[in-house]
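Protein chains: 4
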Amino acid sequence: MASGLHESCGVFGIFGDEHAAEKTYLGLYALQHRGQESAGISVSDGHVLSIYKGMGLVRSVFNSPDILKGLKGFSAIGHNRYSTEGESKIINAQPILIQFRGGQIAGVHNGNLVNALELRKHMENTGSIFQTTSDSEIVLHLIARSSEQEMVEMVYDALKRLDGAFSFLFLTPDKLIAARDTYGFRPLCLGRSGDATVVASETCAFDIIGAEYLRSVEPGEMVIITRDGVESRMLPQRGRRAMCIFEYIYFSRPDSIIFNDKVDKIRRRLGKTLAREAPAEADIVIAIPDSANTAALGYAQASNMRFEIGLIRNHYVGRTFIDPEQGMRDIDVKVKFNPVTGVLRDKRVVVVDDSIVRGTTLRQLVKIIRGAGAKEVHVRISSPPVVSPCYYGIDISRSGELIASSKSVQEILKFIGADSLAYLSVEGMLSTVSDSDSFCTACFTGEYPTPVPHNYDKMQLGLGKTNGCV
Amino acid sequence: MASGLHESCGVFGIFGDEHAAEKTYLGLYALQHRGQESAGISVSDGHVLSIYKGMGLVRSVFNSPDILKGLKGFSAIGHNRYSTEGESKIINAQPILIQFRGGQIAGVHNGNLVNALELRKHMENTGSIFQTTSDSEIVLHLIARSSEQEMVEMVYDALKRLDGAFSFLFLTPDKLIAARDTYGFRPLCLGRSGDATVVASETCAFDIIGAEYLRSVEPGEMVIITRDGVESRMLPQRGRRAMCIFEYIYFSRPDSIIFNDKVDKIRRRLGKTLAREAPAEADIVIAIPDSANTAALGYAQASNMRFEIGLIRNHYVGRTFIDPEQGMRDIDVKVKFNPVTGVLRDKRVVVVDDSIVRGTTLRQLVKIIRGAGAKEVHVRISSPPVVSPCYYGIDISRSGELIASSKSVQEILKFIGADSLAYLSVEGMLSTVSDSDSFCTACFTGEYPTPVPHNYDKMQLGLGKTNGCV
Amino acid sequence: MASGLHESCGVFGIFGDEHAAEKTYLGLYALQHRGQESAGISVSDGHVLSIYKGMGLVRSVFNSPDILKGLKGFSAIGHNRYSTEGESKIINAQPILIQFRGGQIAGVHNGNLVNALELRKHMENTGSIFQTTSDSEIVLHLIARSSEQEMVEMVYDALKRLDGAFSFLFLTPDKLIAARDTYGFRPLCLGRSGDATVVASETCAFDIIGAEYLRSVEPGEMVIITRDGVESRMLPQRGRRAMCIFEYIYFSRPDSIIFNDKVDKIRRRLGKTLAREAPAEADIVIAIPDSANTAALGYAQASNMRFEIGLIRNHYVGRTFIDPEQGMRDIDVKVKFNPVTGVLRDKRVVVVDDSIVRGTTLRQLVKIIRGAGAKEVHVRISSPPVVSPCYYGIDISRSGELIASSKSVQEILKFIGADSLAYLSVEGMLSTVSDSDSFCTACFTGEYPTPVPHNYDKMQLGLGKTNGCV
Amino acid sequence: MASGLHESCGVFGIFGDEHAAEKTYLGLYALQHRGQESAGISVSDGHVLSIYKGMGLVRSVFNSPDILKGLKGFSAIGHNRYSTEGESKIINAQPILIQFRGGQIAGVHNGNLVNALELRKHMENTGSIFQTTSDSEIVLHLIARSSEQEMVEMVYDALKRLDGAFSFLFLTPDKLIAARDTYGFRPLCLGRSGDATVVASETCAFDIIGAEYLRSVEPGEMVIITRDGVESRMLPQRGRRAMCIFEYIYFSRPDSIIFNDKVDKIRRRLGKTLAREAPAEADIVIAIPDSANTAALGYAQASNMRFEIGLIRNHYVGRTFIDPEQGMRDIDVKVKFNPVTGVLRDKRVVVVDDSIVRGTTLRQLVKIIRGAGAKEVHVRISSPPVVSPCYYGIDISRSGELIASSKSVQEILKFIGADSLAYLSVEGMLSTVSDSDSFCTACFTGEYPTPVPHNYDKMQLGLGKTNGCV
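If you read the sequences in order, they're chains Y, F, W and V. Just so we're aligned, residue 931 is where the first sequence starts under the working numbering, counting upward by one. Just so we're aligned, residue 931 is where the second sequence starts under the working numbering, counting upward by one. Just so we're aligned, residue 931 is where the third sequence starts under the working numbering, counting upward by one. Just so we're aligned, residue 931 is where the fourth sequence starts under the working numbering, counting upward by one.
No lab work stands behind these hints: they were computed from the structure. Don't take every hint at face value.
Simulated pairs of lysine-lysine, DSSO-like, Cα-Cα distance not exceeding 30 Å [as the list claims (entries may be wrong)]:
| id | chain 1 | residue 1 | chain 2 | residue 2 |
| --- | --- | --- | --- | --- |
| 1 | W | K999 | Y | K1002 |
| 2 | F | K1051 | W | K1051 |
| 3 | F | K1051 | W | K1195 |
| 4 | Y | K1090 | Y | K1105 |
| 5 | Y | K1051 | V | K1195 |
| 6 | V | K1195 | Y | K1105 |
| 7 | W | K1195 | V | K1297 |
| 8 | V | K1337 | V | K1202 |
| 9 | V | K1202 | Y | K1051 |
| 10 | V | K1105 | V | K999 |
| 11 | V | K1337 | W | K1297 |
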């Protein structure tokens, strides 16, 4: 349970369907796990773009049938956003819809540009203004500044100036353009639903509308979808492929295909490999639900131990208003997880989790599991220690927060209070994917596939403090 | 996934804790699965009762720290309600707080009285007025009409007139009274948290506040909690013990103890017994998540097959606003569940569910599982066919909606489109509990442990149509 | 501006109109000044009563067209409530809809019973329970306890036991019953709209739907409206007529007819009489807007001085969140009123207000008027000093708050800081109405037309502290 | 009652007060009549700007004390916005806060630029992007594109490129800049509150915080407020002075000073001049409340007739949900206004209104006044016929909607159904102000003081359809 690690966004687009807004809405429902702070849809009727966005879950933003009915058109893009800054701002909700010399264009984005600050400072110095801290605004500025005349060329011209992680969708009155950076950091899938073409961060968004998966949008590929069909062109190569392996470890849903492989399959292999690398003398295997379930199943299978449900997760939780001075410690973990005593009592338990960020939640869970009578608690992590920050769209805010960046495995074991602790090795992790050279392992190894932005700090972008619904 | 079967309520009470309201709030969080329509807390400061209630989840009703701070006192009762009538009415939210000759009293209730209509008609005929359709209002009327002079005697006098299912909590300025009908239909547990005494529908509400489980409130027991301690007295016996076995099958959380036994343990036995009674030639066992997980684990263990996660449940879903004419059929099931293709493809799959009500959801799920490539789909139900309505607090509205009341197992199999279908037998089910004579099996057998109310129809209670926030 | 004096409620009813709910909604709009805390409508389709109510203004409670569409029927009653207790409780919102032996009945109420506590204690002692502090609940209990068999007789039987102020409307599936106490404290008007019969607290509610005013419901009259027509019968006389003269002074809208006379006419006479009794050597006459406008016009006319608009009232104000420690004193008055300097500068100003309760607002206004340059400020009050509490539905909470109950006119003058102060005399006030013996002047004279309830304190009703949306 | 004429905005700024946000909030309260669609405040703590804005009234947007507490700083600007486009968009709410090469700057705006489209198209063609349709965004782009290096020079450079109506406030970390176009279309006042300097659209915003009025910001003046004091410089002259006379006729509050004169004084003169130009043989003078009150007082005084309150305005109204097919015609007017029969019956009535736009409301009011028994109805309008659209910030959407642009006074009289109708002459109107050459009369005469934008249509700005909270 990678609490503390957050994906930035989910994107969905569809072209050529008279219910474009409704299907985008359903697609966003399926991608809700990728972002819960804001949701939005922009739609084209062939002439004009419409937009609706708001703070909160898809179900909260699109909370009346009239909203969807008002979004008429045959093409649409949608976005779920997770706030990487801990700030709640409608101004950063996507899509961003602009008017420029080329007419209207709306954009949505998943990822994080490493040359955002540099591009932005350059544009500020030459007269641009910025109203958000979103990378989408940067690329829309680049599009508007392009010396090209055709929309597709303008977008291409803008995209080739970007470095870092991006899966972009752009909507214009008559086109849907999807693009993925040449490293291939974030997933983006292409599908078909009747006569319509669809794109989404994960294929679970295709399943919900009965669309068929065709293939990944390739790293560096720009897909242009119009009434005339689907065209493809490639962005100039920037570096090696560097797909985010954390998508397999934690972010994507197990029922999705991303990077042309099934998440469930890879995640299960992570668990199996972990079992081989770090076996445990124990009676049962449990997962920290729900994210570690699949890896735990793999661990159990490879180690020939029984998989059990030892923790029940409460899905109704929200913010609790308990004054910490009232002596109800660890209450946020207790509200979320409760042990199944009958499963745990007198058992030697392997607890599989997908990753450790700060370790505080895991420490509380180990205590809870022991409190339910477990004789031994062996923690197994289905990924290597996270030691370095991510610049490509995952919110691991500061190195200082990463327990593994300052503590040894032995020290972490002591901190969480388990009987044993083992991580999957980097090699073991890479052995689970088919083309192991094509993945980014920077957060585990500190080896970044792009130039690392110096003085990386979003706050330098300088839009200041904002409150509430701004 | 017993969609269509709904528990009526969860109750929680605490006496002797300066943070009574906060702990009740946490207890209600843990009991949220027992009712999501409204939530409320009443608290006593020793002199006066305060109350706060509203429509929605606990987190929505108690959505600011000021609300809890305003509920000062050392004893409290709380309630989560599920609307059995499909009506959304604040008037029916509990606790109900009244003023009568004995002073103030607040009550919360889980269950359903079979002589409610009779009692109510009698009281109406002798001059009482009813503002709600709640059984709590009936018993509060009985208390007020008692010829006794002491509060405890008045409550006892009222309770002995009730027939049917009830787990009541009453709060007065200086007392907390818990009572359970003599059949013992609905669970009610007694615990201890420091110097405070706690009562709750399930022990998961104890775990969240670190309270210790002592025992069940016994069938027919009335527990009176005051500053002087805890006293107990018994209501006159009405009939045989008839604890609701559906609490083990579906309603209660697997991490709870109810009826003095662990839910997880019994639920796992149901799966194991099902495996022995109805084995299947298959490759993997999956559950309809999350309610059938434990039974599926038991089935897998007993049949020595691999338990797998074949369906992913989306926990973010709310009401969707998709016009059914847009050709997106089965969308509510698809929004909620998505298959894991890699798990299901080319597999012979045992699908374990806890019960079948109308069968429509299961039919869609079988189609989804087949669509993901499963070679065979063998449905196994960890309870017998539900053929009769429940009069004791479970919402199986009409016999006509129960597929098993009009169709044979063979016909149901055809309807859901699986390759095989088997239910657990009544005997098999009863073999999983320690004292099998003490359970109610009416919904499976039509043998009711109480007189059956004739012309049973809540609408006869006649408070008419109400809308919105009434 | 009688800040501190609040009317309890406005009522509206209609029988025989297929748009009963819509017209009741409009009627409540026109009666909004009589109560802003909650609003509700109950409607009958001939068989079953429906209800919708909520906290807030009519426009906030009935904030979607679906709500009105859901209230189908040909007869309806509605209610606007002002909280006399400073408590915000949905439980006290009206109509109150009950089920009793006679079937369904809903009731709304304007006024205050002086024997409420006595009746209630008696009913509590003989077994009744109370869920609200509303007089409507008391009378519904009395109806249910009546030994009569016919609905009309039961209502009659209940009403004749009441003492104090009431204008009641009752809705049953096939009847609308309107009743006014024999003193005639609160207004209630009868009208006609096409084939439909309408009743309302004031005739401004008739104007909005184009209904024609017929006459007042007479003191002690009970009007029974059915498909067969309108019948009338009289309650047994309790005492002399005692219509609330404050309805003319302040509460009712000047465009209404109440007590068979035009509010505007009487209110203007109050101003004229005041001018004759207490002339002032001045240049202009201004009102504290808007309630004193009409009296000021009368004063100006009778004294042959110019009426001017010297204070502008801001109608957008709500609760301000200014910390009083920030040195912005009198901010609530300043947010509401601003002087027109050009009107006031170097003028000797007569300021007409309708009454003084605590005097604090008036003191601030005198300061504001002086600050705008007025040379002299002569305050004239179009009613006598308020010295005694009202038991008949006006919220003058405690005698202690009434400045005139402890201070002489000279002392009040000093307190408010004006150059002169004069009140209208009781005789002058009574000279403005046609039948001066028929009015209640208790708040000015302490002579109560009913027995005065001893130990009058609503809090004794004892429903305790309630919070939020209870 | 110029229904159909809407002012665009109110602005407020303060520099040098530790309660800058609270005072801005109060100032916006006083300016609420200038815009009700959205409200926002930006504040500086000397280093960083903060912002909060939302849809709705000031009291709805700033609805908790925490919001104001979160806006810490010693200088602030605020804005109330009226949507001139009938679109409800948070994106267009002001202030707009941007980051550019010069750092942070926030801007608010009242008015309308006539070269907005031209400027915008030019900027779009040279690479700018636009996220709103607001003129504030245009000027912020101009500031960012300036070749100057100092903030004040950049703002000056931007402002001198603007043509049309503007009263701008800009906030930077250490400065507050106020500027008014050289025509002087919209008001902007300068004041002092202790050590702080304040600016506001109208002086009623000074009164509420106890600030002292100093003078108007002069047409073409740019006022730079810093810790070092207040400096002033002038923009290059564009044309003759052209202050909006409609501010005196209708928009501004009568208790305000604008353009260095009292609104009440001028508005009263308009009524007096109207009385001399267009006397009426009648008994009483009434106003359409509240906007025509002052002019009606002037008319009554000059014609030696009695001023009466003949229509009561309901201030609680909101959107009604009455289906127009239910035969309740003119319901929106009836909900808002009700006649005082006793005032009007058998009287010859002069009805003073400030202007006529479409004439439909006035027609209904004439009918209502006749329905209340008036013998004769003589309509007098305290401004000339509105025949031309306004390009300077008043929302008279299309010439086609202006009844006077296609109908003669005689035809309008017939349309509204009065006994006589007279408008104030342009000469008469101009005689009421001290420097009659300095005012804009374009909407009455079609003589525009600026180049008229051809193809003027905001929709050309092309941000497309937006819904809800975008």
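These are the hints, each one checked on the structure:
| no. | hint | verdict |
| --- | --- | --- |
| 1 | K999/W with K1002/Y | holds, 27 Å |
| 2 | K1051/F with K1051/W | holds, 24 Å |
| 3 | K1051/F with K1195/W | violated, 53 Å |
| 4 | K1090/Y with K1105/Y | holds, 19 Å |
| 5 | K1051/Y with K1195/V | violated, 53 Å |
| 6 | K1195/V with K1105/Y | violated, 59 Å |
| 7 | K1195/W with K1297/V | holds, 22 Å |
| 8 | K1337/V with K1202/V | holds, 26 Å |
| 9 | K1202/V with K1051/Y | violated, 61 Å |
| 10 | K1105/V with K999/V | holds, 21 Å |
| 11 | K1337/V with K1297/W | violated, 50 Å |
Checked against the numbered hints listed earlier, the structure breaks hints 3, 5, 6, 9, 11; every other hint is satisfied.
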